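Chains as they are written, first to last, in the numbering used here: chain C, 399 to 640; chain G, 399 to 640.
In short, the hints are calculated from the structure, not lab data.
Certain hints may be false.
Said to hold, decoys possible - What the simulated footprint calls covered on chain G by chain C, stretch by stretch (three residues with Cβ under 8 Å from a Cβ of chain C suffice, anywhere in the stretch; the number is not a length): (1) 504-515; (2) 608-615; (3) 629-637.
If you're wondering where the values come from, they're calculated on a predicted model, not measured in any experiment.
Heads up, the beta-carbon is just placed ideally off N, CA and C, and yes, glycines get one too.
Number of protein chains: 2
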Amino acid sequence: MVSKNQIKLITSLVQKKYRKQHQLFIAEGAKVVEELLQSNFELVNLYTTRPMFLEVSESKKSIISDSDLKKITALTTANDCLAIFRIPQEKDIEKEGLIVALDDIRDPGNLGTIIRLCDWYGISQIICSEQTVDVYNPKVIQATMGSVSRVNISYIDLELYLAKSETEIFGTFMDGQNIYKMQLPTSGIIVLGNEANGISKIIEQQIKQKITIPRFGNLQLTESLNVATATAIVLSEFMRSY
Amino acid sequence: MVSKNQIKLITSLVQKKYRKQHQLFIAEGAKVVEELLQSNFELVNLYTTRPMFLEVSESKKSIISDSDLKKITALTTANDCLAIFRIPQEKDIEKEGLIVALDDIRDPGNLGTIIRLCDWYGISQIICSEQTVDVYNPKVIQATMGSVSRVNISYIDLELYLAKSETEIFGTFMDGQNIYKMQLPTSGIIVLGNEANGISKIIEQQIKQKITIPRFGNLQLTESLNVATATAIVLSEFMRSY
Chain C
399 MVSKNQIKLI
409 TSLVQKKYRK
419 QHQLFIAEGA
429 KVVEELLQSN
439 FELVNLYTTR
449 PMFLEVSESK
459 KSIISDSDLK
469 KITALTTAND
479 CLAIFRIPQE
489 KDIEKEGLIV
499 ALDDIRDPGN
509 LGTIIRLCDW
519 YGISQIICSE
529 QTVDVYNPKV
539 IQATMGSVSR
549 VNISYIDLEL
559 YLAKSETEIF
569 GTFMDGQNIY
579 KMQLPTSGII
589 VLGNEANGIS
599 KIIEQQIKQK
609 ITIPRFGNLQ
619 LTESLNVATA
629 TAIVLSEFMR
639 SY
Chain G
399 MVSKNQIKLI
409 TSLVQKKYRK
419 QHQLFIAEGA
429 KVVEELLQSN
439 FELVNLYTTR
449 PMFLEVSESK
459 KSIISDSDLK
469 KITALTTAND
479 CLAIFRIPQE
489 KDIEKEGLIV
499 ALDDIRDPGN
509 LGTIIRLCDW
519 YGISQIICSE
529 QTVDVYNPKV
539 IQATMGSVSR
549 VNISYIDLEL
559 YLAKSETEIF
569 GTFMDGQNIY
579 KMQLPTSGII
589 VLGNEANGIS
599 KIIEQQIKQK
609 ITIPRFGNLQ
619 LTESLNVATA
629 TAIVLSEFMR
639 SY
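Taking the hints into account, I'd like the entire structure generated from these sequences.
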């Protein structure tokens, strides 16, 4: 059984203001929940339709019906479990190595994919402008497939941070240097821009090295690459020599 | 005005069997429709809410209301136009250069992103297993952003095609050679596998070179990269020297 109040609380967590108010977020599906359980995230409660599911103390586990799960899921098709976790305290920004900076990424799927890519390439810090989609948005959590537990994500005044930073700052543009012909360092900040508008004018002023993924198509008509795709190529290129 | 029969025809085109029966597909939004108009696709009719929109002969243009557009759109949020195009005759498979082969890609967004990537990197031929999602699925057309007009996509018996092929065949696996340490050729077939299961056992037998994008994360826990992300990195790596 899930009480009306619980349903109200859980479904409210789809909205950022209620996540902030309660300091809670939801995660769904065995894969994602398991990865979060194995990391340092504090489980508040697990709702599942499968009694023998996952090793969680009985006091934090509620066995519920399929129809109850449907009432609390944020997904179009409910999985077999939904967990509520506490939002951890923000950690200090790690300043070593490569850092990925996001200037107003709005699509949850894109942020999720970028977190997964950073995890793959061993990049442990992402810094986001305050307008970037919230990492605890259920769609972001879903898209990270658990790698959110291994990458530190900080929301900051991006312009101010970059202005004060003493490391090299790279950004992707249509008219930058050919990334395949550059010597790329092992530390620095790589800025990626908004889906529709790219990197904003204000942030552009902080960028010291403009980089471009060259087009090979004959007709040169392809407009641009999706930001998650571009991130994949850029991180691959920075990391390929190590 | 859109008649009931027209609504019935247009909305039926979301399904593959009706696209096949009528040899028609739909595209929505100015960007995508414009790119298809500029290529060799034959327009059957354009439905738009904006009278001055796009250069199309009057006989093929219907000015309709927002509420009529809502009745025919395949999108959650209707754009300002929907066009019906004729499905072109399948062209012969181009055998020169690099070819991307898809073994049961099921997600329309992934196929769309892969088509866009091929266009970016100047790869003009994609071959798909018959189980791969249909390129004329409205969600695929939407995700290609028009680049479907510049890449030839063929549905074939993939196993048979690979068995008969005399070119080098590469495939992405978790346990292949480190792609960053290989000499990659300018021609060959690159096979990418299904979202959940990767490359099938039958297709695996046809692959001569297994390749891997190495993980850099310390904990080595990230399960895998999304297939569209992996395609981005693999194509970048094949093309970066040219």
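Q) Does the structure break any of the earlier hints, and which numbers would those be? A) The structure conflicts with no hint, since it agrees with every one listed earlier.
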